[in-house]
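Chain by chain, the residues run as shown.
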Amino acid sequence: MILPILKPQFNILPDGARAGGLLPVIIAVMMYMSALSLFAALSLQLGIGTWSRNLDRSFTIQIPADAYDPGTLEDEIAKALKPLLDTTTGVASYEILSTADNKALLETWLGKGNVTDDLPVPALIDVKVSDGSAIDAATLEAALKTFKDARVDGAGTWLSQLRRPALALIANAYFILAVVLIAAVAVVVFGTRAQLAAHRPTIQIVHHMGAEDTVIAKEFQYSFMRLGLIGGAAGTVGALLTLVVLGMTLDGNEDGLLSIMRSTGWAMAAILPLPVLAAILTLITARMTVFHALRQIP
Amino acid sequence: MSTLSANAVTPTLESVGQANRVRFENVGMRYGLGKEVLRNITFQLEPGSFHFLTGPSGAGKTSLLKLLYLAHRPSRGIIEIFGQDAANMARRRLPALRRRIGVVFQDFRLLDHLSALENVALPLRLAGGKDAQIRDHVRELLTWVGLADRMDATPPTLSGGEQQRVAIARAVIGRPDMLIADEPTGNVDPQMSRRLLHLFAELNKIGTTVVIATHETGLLERVSANILHLEDGELVPSPYQGGVA
Ligand SMILES: Nc1ncnc2c1ncn2[C@@H]1O[C@H](COP(=O)(O)OP(=O)(O)O)[C@@H](O)[C@H]1O
Ligand SMILES: [Mg+2]
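So the protein sequences, as listed, match chains A and B. For what it's worth, the working numbering labels the leading residue of the first sequence as 1, then goes sequentially. For what it's worth, the working numbering labels the leading residue of the second sequence as 1, then goes sequentially.
Calculated directly from the structure, the hints in this document are not laboratory data. Glycine is no exception: its CB is placed at the ideal position from the N, C-alpha and C atoms. Wrong hints could be hidden among the right ones.
Quick list of the computed label-pair ranges, beta carbon to beta carbon [to be verified]: (1) A/296 with B/231: 31 to 37 Å; (2) A/193 with B/215: 34 to 40 Å; (3) B/73 with A/291: 14 to 20 Å; (4) A/237 with B/73: 17 to 23 Å.
Covered stretches of chain B (chain A as the covering partner; in silico rule of three or more C-beta atoms under 8 Å from a C-beta of chain A) [what the hints assert, rightly or not]: (5) 30-38; (6) 109-120; (7) 148-155.
Work out the full structure: start from the sequences and follow the hints.
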């Protein structure tokens, strides 16, 4: 026991008769699942926040392959597009992607060696928007419409395509967390009831001797609290190990959702208090279960 | 009959305060949905009085005691324990009332994993006593009931008579306001039975109300006491009363 006051005061139950058996294992497994789903939810939430903040501040200007001549594009941009961009409020900077950059981008989709020189590749210009600017893709496109069918892709378009599954994943993760916690509560109720049933005559005796409900509950709740703490710690350590191993398997080049989940120091930190929460949850659950059972005794 | 026992049993009705009074009025009791095993029970126990509860097996003695030690609620009637309405009392107020009552169960109901000493100490500890004082006190009492060398034994290793003495010691250790004993001398020899009765009488002298259920009429001759006699769930005039008081 952690503190002397947490010891059962009256030894109403025999030693070793308190919560035990497979219960700690079940609690550990449930806390492992809780930790992972909490981590998934939090990391996605944190990730999608930073990520969309960054993406909101950039646009891509696309100039169709048939609308320009690769040889003269840079000149034309310098002459016509530069002044347009310079005078558009909210544009902080821009960068014309080189043909090599462009090809590299395409190769991730089409595969190395499949991007031949005769492939019509649109010219791409990365535009960074200054902080706090309200400019959006449509405004920018309107401002640039005199320049060679320039099309502006707001990051928002594909972000929103990604945001939806991400939000669904977050909701799912929280749902799983809730379900697992409910199951954990049910397991503790079950375990407490089993203990109560096994020691029913003893509990009746001390109840009729005038033991307060809180006194009897204390004989149970701390052993379950300890279970929650130990199970929670085991589950959390297991989850952290899983995440570390997962982090090492990913080689750092993933994009999209996985890349979000990698930026997760905070989410990892957030699951650390889980054993304490588990301990509190099991304590309260056991206590309430005992109270409920005692109300059935006249 | 509902009227006779109050008159027959409590001669000093007005002479004592109401604070520790125990009173039953038209009480009925049933187990679950069964028929009433107690009917029209009316009596009054004055503080510091001594009572035998007699009657044949199955008459309802144990059931009546359960009402007295607040282990069962009546199906009807008024139960006043120490001047408080026990039948309708809020649950949270019952434990404090129960701690003022010592009970010797017919089947002892000791905690098998605790030593004799710890069993007897339990009521004092539930009442918030200090461990050191409790130990001395408990040793003294266990010595008095002849269990000086069995204090550290657990109930399963004690004989029936020894267990019974532990149960009695547990019931009296806290000097309860009311002592209830269900057939407390059933498992001991006549000499020990006299000794235990003497213990109850001593407790009674310092103000404890005593109620002892028994079907052994032999006991009745030794102590001057009031008699509540049960027949088939009702209090009836005692066939022994004339010879005692
Ligand atoms: N737990 C119980 N459930 C149902 N009926 C009971 C229970 N205990 C006692 N009875 C019944 O109540 C009646 C009185 O029993 P009891 O109070 O034990 O009598 P006594 O103690 O005088 O022998 C008997 O008919 C008995 O069968
Ligand atoms: Mg009986």
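Okay, the hints, checked on the actual structure:
1. A/296 with B/231: 31 to 37 Å: holds (33 Å)
2. A/193 with B/215: 34 to 40 Å: holds (39 Å)
3. B/73 with A/291: 14 to 20 Å: Hint holds: Cβ distance 19 Å, inside 14 to 20 Å.
4. A/237 with B/73: 17 to 23 Å: The hinted range 17 to 23 Å is violated for residue 237 of chain A and residue 73 of chain B, with Cβ atoms some 50 Å apart.
5. 30-38: With 0 residues close enough to chain A, the hint is violated.
6. 109-120: holds (count 6)
7. 148-155: violated (count 0)
Violation of the numbered hints given earlier is confined to hints 4, 5 and 7; the remaining hints are satisfied by the structure.
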